[in-house]
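A.B. asks: If you want the building blocks of each chain, they are given just below.
Protein chains: 4
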Amino acid sequence: MSDAGPPDRRRVLSLRTSRMEALSDGIFAIASTLLVLDLAVPAVQPDVAQRLVDQWPIYLAYLVSFATIGQAWLGHSVITEYLDRADSILLRLNLVLLFFVSVLPFPTHMLAAYFSSENAERIAVTVYGLNLLAINGFTSVLWHYAVGEHLVSQDRSDADLRALTSKLDPSLISYAVVIGIGLVVPKIAVALYLLIALFVIIPFRAVARLVRRGTRS
Amino acid sequence: MSDAGPPDRRRVLSLRTSRMEALSDGIFAIASTLLVLDLAVPAVQPDVAQRLVDQWPIYLAYLVSFATIGQAWLGHSVITEYLDRADSILLRLNLVLLFFVSVLPFPTHMLAAYFSSENAERIAVTVYGLNLLAINGFTSVLWHYAVGEHLVSQDRSDADLRALTSKLDPSLISYAVVIGIGLVVPKIAVALYLLIALFVIIPFRAVARLVRRGTRS
Amino acid sequence: MSDAGPPDRRRVLSLRTSRMEALSDGIFAIASTLLVLDLAVPAVQPDVAQRLVDQWPIYLAYLVSFATIGQAWLGHSVITEYLDRADSILLRLNLVLLFFVSVLPFPTHMLAAYFSSENAERIAVTVYGLNLLAINGFTSVLWHYAVGEHLVSQDRSDADLRALTSKLDPSLISYAVVIGIGLVVPKIAVALYLLIALFVIIPFRAVARLVRRGTRS
Amino acid sequence: MSDAGPPDRRRVLSLRTSRMEALSDGIFAIASTLLVLDLAVPAVQPDVAQRLVDQWPIYLAYLVSFATIGQAWLGHSVITEYLDRADSILLRLNLVLLFFVSVLPFPTHMLAAYFSSENAERIAVTVYGLNLLAINGFTSVLWHYAVGEHLVSQDRSDADLRALTSKLDPSLISYAVVIGIGLVVPKIAVALYLLIALFVIIPFRAVARLVRRGTRS
Chain A
28 MSDAGPPDRR RVLSLRTSRM EALSDGIFAI ASTLLVLDLA VPAVQPDVAQ
78 RLVDQWPIYL AYLVSFATIG QAWLGHSVIT EYLDRADSIL LRLNLVLLFF
128 VSVLPFPTHM LAAYFSSENA ERIAVTVYGL NLLAINGFTS VLWHYAVGEH
178 LVSQDRSDAD LRALTSKLDP SLISYAVVIG IGLVVPKIAV ALYLLIALFV
228 IIPFRAVARL VRRGTRS
Chain B
28 MSDAGPPDRR RVLSLRTSRM EALSDGIFAI ASTLLVLDLA VPAVQPDVAQ
78 RLVDQWPIYL AYLVSFATIG QAWLGHSVIT EYLDRADSIL LRLNLVLLFF
128 VSVLPFPTHM LAAYFSSENA ERIAVTVYGL NLLAINGFTS VLWHYAVGEH
178 LVSQDRSDAD LRALTSKLDP SLISYAVVIG IGLVVPKIAV ALYLLIALFV
228 IIPFRAVARL VRRGTRS
Chain C
28 MSDAGPPDRR RVLSLRTSRM EALSDGIFAI ASTLLVLDLA VPAVQPDVAQ
78 RLVDQWPIYL AYLVSFATIG QAWLGHSVIT EYLDRADSIL LRLNLVLLFF
128 VSVLPFPTHM LAAYFSSENA ERIAVTVYGL NLLAINGFTS VLWHYAVGEH
178 LVSQDRSDAD LRALTSKLDP SLISYAVVIG IGLVVPKIAV ALYLLIALFV
228 IIPFRAVARL VRRGTRS
Chain D
28 MSDAGPPDRR RVLSLRTSRM EALSDGIFAI ASTLLVLDLA VPAVQPDVAQ
78 RLVDQWPIYL AYLVSFATIG QAWLGHSVIT EYLDRADSIL LRLNLVLLFF
128 VSVLPFPTHM LAAYFSSENA ERIAVTVYGL NLLAINGFTS VLWHYAVGEH
178 LVSQDRSDAD LRALTSKLDP SLISYAVVIG IGLVVPKIAV ALYLLIALFV
228 IIPFRAVARL VRRGTRS
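Protein chains in written order, with our numbering: chain A, 28 to 244; chain B, 28 to 244; chain C, 28 to 244; chain D, 28 to 244.
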């Protein structure tokens, strides 16, 4: 791999990863918590319980969004675990990724607000899907750049790197398919995003293991 | 305890705990501070002092919520103090816990808004109790998983681990009792949650010690 | 100094200070940034410039609040710099301090909203002063507890500790005086809080030094 | 360079940079994420897609603001990378810088709201430019102070320091020029700020390198 720029210039720009991690954790934390401000408390009325239940698309959107940001954070954590040093281009690629993370509350809000109208929902589901695609795509770009520029720790074997690459590489085709489905039947795309979210955030294997352990002891 | 999965697979996924701690601290900090946005400033009027005093349920809800998140943070801090490494399942269990932390401002808001209507208050108190139960339950699950998977530091004695287990294990029965009380007399459950919150956040022993020291010197 | 509790029990509870620092930095950061949401943008009108200028009490309140939280953060940073370890009581004293930091946006908001009415302003200035008193008082309590329980680093000389004590100890009398002044002439108390804030946040000596250096070279 | 103050006094005040970094990352993260709350979701209507497209000045303002805060964060990261220790004056200079970062959402909001009226836009563009000038100016002050007080790491060569100085020193004249242009033709200044923002946040060289690598393999 050919490196652009003289070696001494690159040494100057070699940076610790701690601040990149701290800014990222801050933005992931805020983006995943801000949406709680959308959970409106209906005024006191005889049928307040019904009103609370009727708000279910907002709760669902909050859950999907939290799980999605959680999944993006998991991938990002694993990348920084492997990183040895950062350079200024990696920091900027990371800023682009963080931009799409910080903006996710907007399409999530649309998803909740446009649940009742099929036409508006089509728009919301498509914008939401494109945002997910951008988050996953830039996570992958970040990783490829780090590997290509030899920014990952030397003790990692090539097999480790390849294993992570195959995990992080976005299944761009499957995302494109879900975005396409959303253009025709928005509700099915919502259900698919929910399934992906639940699949990611619930550690099924851990639950199964704890249950097994509980029944044995 | 039998470990599932081959050892080499687990080595790849072994992670530092620093990012898990940073994301958690960010979400704990935001969830405990966001509610200040609910403290409305009444318009200037002759009886503005009275209006400010009349808002006391909102102040109370803010205090209870801050104390509750503070207590959850204390338990979480002690767990990460013992943790040596994390694996991807621990990170996901932590995300589930953080979900319930990030959502707490919503039932707290309900608690403040529904204070005057007994029927609505019953709903708010019950949802609030279930949220507390989830936070404490998942903190306990996190700890049991970490101990079961040998993720805690090797220098900790078994006595230390058992001591922490007996402290963190949620008194699920007592929570169920308070939730049950709330269904019948919501105001008493509010008082009990306040007592628990004050008991947790005020370091009585430290105050007593400082007073003793002050009177001696 | 007599220590309550058996020594082995205290060893178990000895904790790193990193998470206490991270939660504190998160809450300080959010409390000082959230108020920007109060800076309302007036609707487009012929006299929009005048409208923006008329909002000056809100800008002033934002500045005072930011400077006050900044000053509290400076004191807190110096304390954690000296800390070697934390115990669970210190963490709880810190949570009480953070409670008063997180709540400061509320009286700051009152300060901005009640600027035009002397009666309402008296209330706002008094609540603001009490909040400042609580922040400074608990910062001092935190430090006295840490020194009393030998939680500070062993390499610090007694002279260092005494120097910091004399700096951090709140001038409770002077605060009481400003709160008293605020009850009689609120505007003067606002001016005094502003003077304190400007004095704290502007590093006069650094500015003077840079000017001197600039004129020499 | 002559150092004011006796050396022993300065030793007492010498501080780690970790808390200064954590507070800064928190404020950068919040300031860059808070604006997502301004992205309003229009009510469901037949022409909801058109309404969403009509909001483009808000999206543009969000993008410019995120990129601007990202650029400021990049400069700040590089400075703290070089820092060895901090003193209390550096912490205060940093607080002044953070003040201007935390306030940026306000002029950004003005930029979005006043896009349709040339007179109001002139005000917004000027305030925005002055805020950018303050952020870049204080970043430069921070660096000059750190170098002047020998707070940077000893292993850095003088050539390294000079290289960073020439990068961080704000092109004050060019900013003054853009602010001046904004007074005459606000729209051109907006376009210039957008160009600067895009130039900073998009890592053109990385994109080009990845494309080259992709076409070769």
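Hints were generated in silico from the structure; no laboratory data involved. Every value quoted in this text rests on a predicted model; they were computed, and no experiment measured them. It is possible that part of the hints are untrue.
Any copy, or any two copies together, can satisfy a pair, since identical chains are not distinguished.
To be verified - SDA-like, lysine to any residue: derived pairs with alpha carbons at most 20 Å apart:
#1 Lys214 <-> Leu188
#2 Lys214 <-> Arg149
#3 Lys214 <-> Glu145
#4 Lys214 <-> Ile229
#5 Lys214 <-> Pro73
A.B. asks: Would you mind marking each hint as holding or not holding in the structure?
C.D. replies: A quick look at each hint next to the structure:
1. Taking the closest pair of Cα atoms, Lys214 and Leu188 never come within 20 Å of each other, the shortest separation being 37 Å inside a single copy and 48 Å across copies.
2. Within a single copy, Lys214 and Arg149 get their C-alpha atoms as close as 8 Å, which meets the 20 Å cut-off; across copies the closest is 34 Å, which misses it.
3. Proximity of Lys214 and Glu145 under a CA criterion of 20 Å is satisfied intra-copy only: 8 Å inside one chain copy versus 38 Å between copies.
4. For the homomeric pair Lys214 and Ile229, neither the shortest alpha-carbon distance inside one copy (22 Å) nor that between copies (35 Å) is at most 20 Å.
5. In the homo-oligomer, the alpha carbons of Lys214 and Pro73 lie at most 20 Å apart only across protomers (19 Å), although the nearest pairing inside one protomer, at 31 Å, exceeds that limit.
Hint compliance for this structure: hints 1 and 4 are broken, all remaining hints hold.
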